[in-house]
Amino acid sequence: NSSIMPTRDYYLSLIKDIFNISQRVASKKYHPHDNDAESIRKWIIDNPKWSFFSQQQDKRSGKPFILGLQSPWQRDICRAFSDNNLLAMDSTFGTNMYKMALYTIMVFDTNRNGMPVAWIMAGSSRCIDIVQWLKTFRNTMLDHRKTWSPNAFLIDHAQLEQGAIRYVYTD
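When the letters of the sequence shown are read in order and numbered with this note's numbering, they come out as residues 1125 to 1295.
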């Protein structure tokens, strides 16, 4: 139809154009709302198998935002390599504009290659908050194997993480 004016998208000539279009599509899929909290809430609803813990921030009660992510593949890898074996947990702080902590839980395969099996973004690094998502992580793994239990944790010298791990994994 000659009455339709073609847009720039009809004239792809550079790899940069294709990249820009793919970015717009990805942005709509992974950032479905302009408000970040609402965007995350919608993403969790649309991807329930990828989230093992979700807590919205509530300033009145003092609850921080916490999001625990673990894909089905990561859950399988965790079950395969961490039962009666070593888990590692590391935290990095201030990785985004909200200055949140990012926790990574890793297992090691038979060649001792590290593989991330869960990520937790948290607006707090208080021991009580770490205990909360770490318990849910443990229970998620126990739901898939009733006898699942790592035999050791490798962490840096963070006392809060050490206390939380002892609380959650000591019977």
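Note that these hints are calculated values from the structure, not bench results.
Honestly, I wouldn't trust all of these hints.
Derived Cβ-Cβ restraints for the label pairs, each shown as a range [stated by the list, open to error]:
no., residue 1, residue 2, range
1, 1195, 1259, 35 to 45 Å
2, 1163, 1209, 28 to 38 Å
3, 1235, 1181, 37 to 47 Å
4, 1275, 1184, 17 to 27 Å
5, 1279, 1235, 14 to 24 Å
6, 1236, 1184, 43 to 53 Å
Predicted model only: the values in this text are computed from it and were never measured.
Even for Gly, the Cβ is constructed at its ideal location relative to N, Cα and C.
Against the structure, the hints:
no. : hint                    : result
1   : 1195 / 1259: 35 to 45 Å : 20 Å, violated
2   : 1163 / 1209: 28 to 38 Å : 36 Å, holds
3   : 1235 / 1181: 37 to 47 Å : 40 Å, holds
4   : 1275 / 1184: 17 to 27 Å : 41 Å, violated
5   : 1279 / 1235: 14 to 24 Å : 22 Å, holds
6   : 1236 / 1184: 43 to 53 Å : 46 Å, holds
Going down the numbered hints, you'll see the structure goes against 1 and 4, while the others check out.
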